[in-house]
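Number of protein chains: 2
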Amino acid sequence: ERQILMAERLGLEIIAIRTEWGKQMNPSLLEDALKENPDTKLVVATHAETSTGVLQNIEELGNIVSKTNALFMIDCVTSIAGTEILFDDWNIDFSYAGSQKCLASPPGLSPCAMSEKAYQYIKNRKTKPSSWYLDLSLVNDYWDKDHIPQYTVAVSSIYALYESLRLLEEEGLENRWNRHKVNAEKLRKGLTEIELNLPISPNDRLDQLTVVTKPDHIDDVEFRNKLIYDYNIEIGRGLGDFAGKVFRIGLMGESCKSEYVDQILEVFQKEI
Amino acid sequence: ERQILMAERLGLEIIAIRTEWGKQMNPSLLEDALKENPDTKLVVATHAETSTGVLQNIEELGNIVSKTNALFMIDCVTSIAGTEILFDDWNIDFSYAGSQKCLASPPGLSPCAMSEKAYQYIKNRKTKPSSWYLDLSLVNDYWDKDHIPQYTVAVSSIYALYESLRLLEEEGLENRWNRHKVNAEKLRKGLTEIELNLPISPNDRLDQLTVVTKPDHIDDVEFRNKLIYDYNIEIGRGLGDFAGKVFRIGLMGESCKSEYVDQILEVFQKEI
Chain A
10 ERQILMAERL
20 GLEIIAIRTE
30 WGKQMNPSLL
40 EDALKENPDT
50 KLVVATHAET
60 STGVLQNIEE
70 LGNIVSKTNA
80 LFMIDCVTSI
90 AGTEILFDDW
100 NIDFSYAGSQ
110 KCLASPPGLS
120 PCAMSEKAYQ
130 YIKNRKTKPS
140 SWYLDLSLVN
150 DYWDKDHIPQ
160 YTVAVSSIYA
170 LYESLRLLEE
180 EGLENRWNRH
190 KVNAEKLRKG
200 LTEIELNLPI
210 SPNDRLDQLT
220 VVTKPDHIDD
230 VEFRNKLIYD
240 YNIEIGRGLG
250 DFAGKVFRIG
260 LMGESCKSEY
270 VDQILEVFQK
280 EI
Chain B
10 ERQILMAERL
20 GLEIIAIRTE
30 WGKQMNPSLL
40 EDALKENPDT
50 KLVVATHAET
60 STGVLQNIEE
70 LGNIVSKTNA
80 LFMIDCVTSI
90 AGTEILFDDW
100 NIDFSYAGSQ
110 KCLASPPGLS
120 PCAMSEKAYQ
130 YIKNRKTKPS
140 SWYLDLSLVN
150 DYWDKDHIPQ
160 YTVAVSSIYA
170 LYESLRLLEE
180 EGLENRWNRH
190 KVNAEKLRKG
200 LTEIELNLPI
210 SPNDRLDQLT
220 VVTKPDHIDD
230 VEFRNKLIYD
240 YNIEIGRGLG
250 DFAGKVFRIG
260 LMGESCKSEY
270 VDQILEVFQK
280 EI
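Chains as they are written, first to last, in the working numbering: chain A, 10 to 281; chain B, 10 to 281.
Accuracy of the hints is not assured; some may be wrong.
Copies of the same chain look alike in the list, so a pair counts if it fits in one copy or across any two.
Unchecked claim - When the alpha-carbon atoms are kept at most 27 Å apart in a straight line, the in silico DSS-like pairs for lysine-lysine are as follows:
#1 K195 <-> K137
#2 K223 <-> K266
#3 K154 <-> K76
#4 K44 <-> K198
#5 K235 <-> K154
#6 K137 <-> K50
#7 K223 <-> K235
For the record, the hints were derived by calculation from the structure and aren't laboratory data.
Model the full structure from these sequences, guided by the hints.
Next up, the structure:
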């Protein structure tokens, strides 16, 4: 929804494909929309949706987009370093991420990647983007041989990201994906054992964020406040169609540890 | 010039007042332009210009703007904490600054201030700004009672800014202004003593950045590289009309120390 708001501000023409909250999108919806709108320039999707706890099938969507002239842009904010992303194999043209989730670096930076096709598009566009600050052609000028600075960069955040990437290399990318998978499985198993319901179907679930149905006898705000003040654990509230109905438990980067899973399961068992 | 480029990207109608490089603007130029264009919505100026080494007379400009319906916006990136800014007295409506110069905090944040008039304008505007990220009405929503988050903020940069403000309070704001003044005077005196020329007239000069004419027998790039590699001192090159003709010596925040002035004067004496 936020991507739609942003595109509206830029005066772009948008075809929104909204599907059922909490379920993966049926790729045939995208296929149909692209057939009806053959002039589509850009297809945008979110890989790991923290609002709904759903992982989208980017490989299949990318396959569909690659048969058209559109570029394919992916929000990898939550997925980066938490789950497999195969940029080239999945025909992604542009992706942006966040430093603060599974990369476990301070917030403030957004690592990006672009395909040769996206690079050429940006290089050859005739109108300039409305924002100087977010103009990637200027970032490219910096990486180019001329090295033209666009603005003063947040140097300390870049050192922090460098260190977090070093730690990631030490752990191994696949090991980190696996750590998120193992801890999420343990959390889901434990929640099921204390007879809580997981509304997202097993095929659609994120490992980074687990959505669990709130039992009727529990007050949403009161419970989450208790967790913060008594146990120093913060969990998320439901959003959109899930507002007031679920809790969202994040396990990302540094917070994705087996002992933290034990801790939250203990608290849920005691307080629910 | 960058403000003009940014406004062009937003499709705004711009009246650029360009005056002689390296001199304060004559306020009557603004007065005339506003008389010719009574529908002007926004007047923009830079307080301390690091490209030219010039301090603009914001008080006088603000006085002129306050007699019209326009809002008055000031770039305080270099001036904040390095020289006096009287936001209310000078009739400023909006100002933005940088964390990394005289505030001596890491780069990455831009402290802003707005007048009640600017706040009301932003609150009541009918079209949304093109950038979600830089939309101040959403920042205001966050500070409001509803506390609606716009994005994940760079928390560690904010802690750093907090600490730099604590250090500023410890030193005293007027003491910091004075430190910049005293060290700049010492630098200018020293440069004059080794018979170098300061092209900015005494009334127009910045304390944060001193512009000095490059002697003809010195090679611009070679000299600045020597300073970096042999002495670990970085100075700036001339920009715009000053390109290749001057050096720009910054004395801001942490780098504004008496012993650094001694050091650079010694190096200039030896190498020029």
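Cross-check of the supplied hints:
1. K195 <-> K137: For K195 and K137, neither the intra-copy (49 Å) nor the inter-copy (45 Å) Cα distance is at most 27 Å.
2. K223 <-> K266: within (23 Å within a copy, 59 Å between copies)
3. K154 <-> K76: Close neither inside one copy (34 Å) nor across copies (48 Å); limit 27 Å.
4. K44 <-> K198: The answer is neither: 42 Å in one copy and 73 Å across copies each exceed 27 Å.
5. K235 <-> K154: between (55 Å within a copy, 22 Å between copies)
6. K137 <-> K50: This pair counts as both: shortest intra-copy Cα distance 16 Å, inter-copy 23 Å.
7. K223 <-> K235: within (15 Å within a copy, 66 Å between copies)
Of the numbered hints given earlier, the model fails hints 1, 3 and 4; all others are met.
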